[in-house]
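So the chains spell out like this:
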Amino acid sequence: MRSTLKFAVPLAVAALALGACGTKGGDTPAAGGSGGAAACQNFKIGMFGALTGPNANLGIYIQNGVNLALDDYNKKHADCKVTLENYDSQGDPTQAPALAKKAIDDKKVVGIVGPAFSGESKAADPAFNEAGLVTITPSATATKLSSNGWKTFFRALGNDDTQGPAAAKYIKDTVKSTKTFVIDDASEYGKGLADTVRKDLGSQVVGNDTIQQKQTDFSASVTKVTSSGADALFFGGYSPEAAPLIKQLRDGGWKGTFVVADGVKDQSFIDNAKDAAEGTIITCPCVPADVAPDFQKAYKAKYNEDPNTYSGEGYDAATILLDGIAAGKDRKTMLDFVKSYDKKGVTKQLKFDDKGESADIKVFAYKVEGGKIVGSGEIK
Amino acid sequence: MQNLIDNFFSYTITGLTIGAVYALVALGYTLVYGVLRLINFAHSEVFMYGTFGALWVVMLLGGKPGGSVGQVIFWVVMMFVAAMAMSGLIAVILERVAYRPLRKRNAPPLIALISAIGASFVLAELMGLRSRVAGWVGLDDTLREYVRNSRNNAGLPSIISPQPIFSVGGYNVTNVDLIVIIGAIAIMVVLDQFVKRSRLGRGIRAVAMDPEAAALMGVNRDRVIQVTFLVGGVMAGAAAVFYMLKIGITRYDAGFILGVKAFTAAVLGGIGNLRGALLGGFILGLAENYGSAVVGSQWKDVVAFVLLVLILLVRPTGLLGESLGKARA
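As you go down the protein sequences, you meet chains G and P in turn.
Quick note on the numbering used here: the first sequence kicks off at 1 and runs consecutively.
Quick note on the numbering used here: the second sequence kicks off at 381 and runs consecutively.
Simulated from the structure, these hints should not be mistaken for lab results.
Think of the CB as a built atom: it goes at the ideal place given N, C-alpha and C, for glycine as much as any other residue.
The reader is advised that the hints may include incorrect statements.
[Said to hold, decoys possible] Straight-line C-alpha distance at most 25 Å; calculated DSS-like pairs for lysine-lysine:
1. 343/G x 179/G
2. 372/G x 444/P
3. 302/G x 191/G
4. 44/G x 344/G
5. 332/G x 101/G
6. 75/G x 44/G
7. 576/P x 255/G
8. 343/G x 151/G
9. 367/G x 576/P
[To be verified] Incomplete in silico selection of chain P near chain G, CB under 7 Å:
10. 530
11. 533
12. 676
[To be verified] Footprint (simulated), chain P over chain G, 3 or more residues, beta carbon under 8 Å:
13. 131–144
14. 266–272
15. 279–293
16. 341–355
The following block holds chain G by itself, in its conformation from the complex (with noise of 0.2 Å):
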């Protein structure tokens, strides 16, 4: 006992000292420590995703964006920098419940951005509701996620819900499909986002199809596509079945307009699907790089590459989360200041409704040109 007072009583004292010498006490609430104004707290934000595995591109994607925030913030603060912790699910969201645990319990995390995918929300969000801590999602779209009553959960961009009516949108008004023919991948994404389609279009359904993922061979669905008449099609399902599933059709003899959603959105897609992927439309909630000049340059300086699906999202939830730092709170008072948040971001207005949805929600198209990916406006 006599010896822990005796590093304590010292302890205190310097703790006094720092505290005096912090620069902006004045409206920070006092920590309840020994301290009474701010001193810095060595605070830090999580980025929870996928950074290894198969679905690597997008985590890095959405970090690359969070770690350019954090340079901003850090020139700005360079007496009180703010550090980036990683904790890498591999998008899969058996580990996930085990990486909120680690992160709740790292007192100085006082902000999430992600967890990047749906599924692995679903596993770690309960988690973060419980222990007050704030995530922030860039990517997750998952329509069910925003009503489970999570208080900590926010959505930095549109969810499936507003997507599937733009795809619906798109291929009635811009495309001028009359016959179209979907097929989904009985996923919880592909089938969510195609009924969403199938609801929207109505009677110009000419047909449905299911196919399964992982299969390489669509020569049925092909026939029935074919068959239909119809002049697009629409597919809810990621790029491991799209590229093939083109492939094959155009290998048919199909000519009309395949159009697909953010889970094809990667260059993978047009890698794999070569010259049949030209011309097809994707549709995602992800604002296109140029939309934001200032972010697009600062970006390629550090990356040397455009920003890619949701890096501008990655950014946009660091910088809430980093706002929130600069005007002092810590985990518990950054719950209340990121609902009442209302500030332009890089991607959109950033505000979020009673259920952490994003008040300012855009869907864009984009276009597969040359062998890339191209944006081609918002869809209104």
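Please build the complex by placing chain P on the supplied structure of chain G, with the hints as guidance.
Structure of chain P alone, referenced to chain G:
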């Protein structure tokens, strides 16, 4: 049902093309079963390596759409050479590493089965980790195009653009369909004759009938087994080329489902029976397509396996039901 009747020929011909691939892979299962009474569960990986052999040689030669006729023929021939060499080599290594040491120690068949499954995982994961394997030997820069995104799909440039040749009942039969179906049947006729007439083929049949008697008659059993694996691998290589021409995309785990289907085809036709493998492959390909047409594509595998169960209930030895040894000339 109406859809199936309206597009009967379309479903039939595309079903036959994928059936031809099943049949060629099924031959590998059947041949090995014939001589060793053992299901070589790593055969699916032998096939998968063939698809990569075919893909890589086209990348190496700079194959792209719109080549001249001479170029296209050259590319396709090189695909066969590369895929058959790759698959044949993997099959022989497999026999050497995973089976021969067990056979020398007279291990029970169950152990060989486990060894096969283990070998299957090792081969698939090696392909899935090929970017790191290349990194270890310091070739990741040279081989970048070949090893990048090693867990993702890898696509073949469409070196043959499918052109309709003639029309059957409203379905335009394309050049690719014809190449696959005719090519597969031709290869199987050659194999059938090889097993029937050549010296090595006689050896294979002898070992299949009675390994000990064959050994007493001076047949080198180890050599025959090695040749059997090689022939099965070469067939899988040919299947891999047809698969790449038709599907065009492969992945490190592409062998798994196809392997299960091909094994089903072999059992359906009568395992150990070469002609049974051919018949089983085609029937399975057709059944899957008809099933997809009638009850939806998501039931494709269910239809295939229900058919298998029904046929085995009636004919437990498969449709043609003979073993390799009895299939005399």
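Comparing the hints with the structure gives:
1. 343/G x 179/G: violated, 42 Å
2. 372/G x 444/P: Measuring from Cα to Cα gives roughly 18 Å; hence the hint holds.
3. 302/G x 191/G: violated, 38 Å
4. 44/G x 344/G: Holds, at about 23 Å.
5. 332/G x 101/G: Holds, at roughly 17 Å.
6. 75/G x 44/G: Within the cut-off at roughly 16 Å; holds.
7. 576/P x 255/G: Violated, at about 48 Å.
8. 343/G x 151/G: Measuring from Cα to Cα gives roughly 21 Å; hence the hint holds.
9. 367/G x 576/P: Roughly 56 Å separates the two Cα atoms, so the pair is violated.
10. 530: violated, 10 Å
11. 533: For residue 533/P, the interface hint holds, since the closest Cβ of chain G sits about 4 Å away, which is under 7 Å.
12. 676: holds, 6 Å
13. 131–144: violated (count 0)
14. 266–272: holds (count 3)
15. 279–293: violated (count 0)
16. 341–355: Violated, because only 0 residues of the segment 341–355 of chain G bring their Cβ atoms closer than 8 Å to Cβ atoms of chain P.
The structure is inconsistent with the numbered hints 1, 3, 7, 9, 10, 13, 15 and 16, although it conforms to all the rest.
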